[in-house]
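Input sequences plus hints: build the corresponding full structure.
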Amino acid sequence: DFSNQLPIMVTAKDAVKLRSMKGLPESVFSLIHEVSTRIILSHELDVRLQQLAQSLHEKCDS
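The numbering used here puts the sequence shown at residues 1269 to 1330.
One or more hints might be untrue.
What the hints assert, rightly or not - Restraint ranges, calculated between C-beta atoms of paired labels, are given here:
1) Asp1282 / Asp1329: 30 to 36 angstroms
2) Val1284 / His1325: 38 to 44 angstroms
3) Asp1314 / Lys1290: 26 to 32 angstroms
4) Ser1323 / Ser1295: 49 to 55 angstroms
5) Arg1287 / Asp1314: 33 to 39 angstroms
6) Ser1288 / Asp1314: 32 to 38 angstroms
7) Thr1279 / Leu1313: 21 to 27 angstroms
8) Leu1313 / Gln1273: 37 to 43 angstroms
No lab work stands behind these hints, which were simulated from the structure alone. Just so you know, even glycine gets a beta-carbon here, dropped at the ideal spot from N, CA and C.
Written out as structure tokens, the structure is:
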């Protein structure tokens, strides 16, 4: 429901999907604002995630 005319924040990927949908009113497209997200990890968390990924790959390979 786009009747309230409030801005719509979506990821760039979802914005592409919305723009490709047929039947959406043209006025909706002026409400769409693309946002980019990025997650910044601490070094320790990054190392632990890499260790987990490696462990999971090893389990899948065996």
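Going down the list of hints, with the structure as the test:
1. Asp1282 / Asp1329: 30 to 36 angstroms: For Asp1282 and Asp1329 the Cβ distance comes to about 35 angstroms; the hint holds.
2. Val1284 / His1325: 38 to 44 angstroms: For Val1284 and His1325 the Cβ distance comes to about 31 angstroms; the hint is violated.
3. Asp1314 / Lys1290: 26 to 32 angstroms: Given about 42 angstroms between the Cβ atoms, the range is violated.
4. Ser1323 / Ser1295: 49 to 55 angstroms: Taking Cβ atoms as reference, Ser1323 and Ser1295 lie about 51 angstroms apart, which means the hint holds.
5. Arg1287 / Asp1314: 33 to 39 angstroms: Holds, since Arg1287 and Asp1314 (Cβ atoms, about 34 angstroms apart) stay within the stated range.
6. Ser1288 / Asp1314: 32 to 38 angstroms: Since Ser1288 and Asp1314 have Cβ atoms about 35 angstroms apart, the given range 32 to 38 angstroms holds.
7. Thr1279 / Leu1313: 21 to 27 angstroms: 23 angstroms, holds
8. Leu1313 / Gln1273: 37 to 43 angstroms: 40 angstroms, holds
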